[in-house]
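Taking the hints into account, I'd like the entire structure generated from these sequences.
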Amino acid sequence: NTNEDRCCPGLITSDAFTPGMYKIRFETGQYWESLGQSSFYPYVEIVFTVSDADQSFHVPLLVSRYSYSTYRGS
Numbered sequence: 001n002t003n004e005d006r007c008c009p010g011l012i013t014s015d016a017f018t019p020g021m022y023k024i025r026f027e028t029g030q031y032w033e034s035l036g037q038s039s040f041y042p043y044v045e046i047v048f049t050v051s052d053a054d055q056s057f058h059v060p061l062l063v064s065r066y067s068y069s070t071y072r073g074s
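The sequence shown begins at 1 in our numbering and counts up one residue at a time.
You may find that some hints are simply not true.
[As the list claims (entries may be wrong)] Quick list of simulated restraints, FRET-style, between CB atoms: (1) 17 to 40: 30 to 36 angstroms; (2) 13 to 40: 31 to 37 angstroms; (3) 55 to 30: 26 to 32 angstroms; (4) 12 to 44: 16 to 22 angstroms.
Rather than coming from a laboratory, the hints here were simulated on the basis of the structure.
For each residue, glycine too, the CB sits at the ideal point set by N, CA and C.
In structure tokens:
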């Protein structure tokens, strides 16, 4: 779930956030279904690598019923 800013603060604690590979799964099909809409993608998984866990990470997901895009934000 996201907050009012559409962010997920506290998704992982700083103690648990170490260098490595991470995967975030968004249940996009459930989201669109809750709005009474159909969707082409039942879920979206974003896999990314963290080499410096002291940096801030912003991984936006822009989604519509039939497409999605992601990037590393600032």
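Hint check, failures only
none
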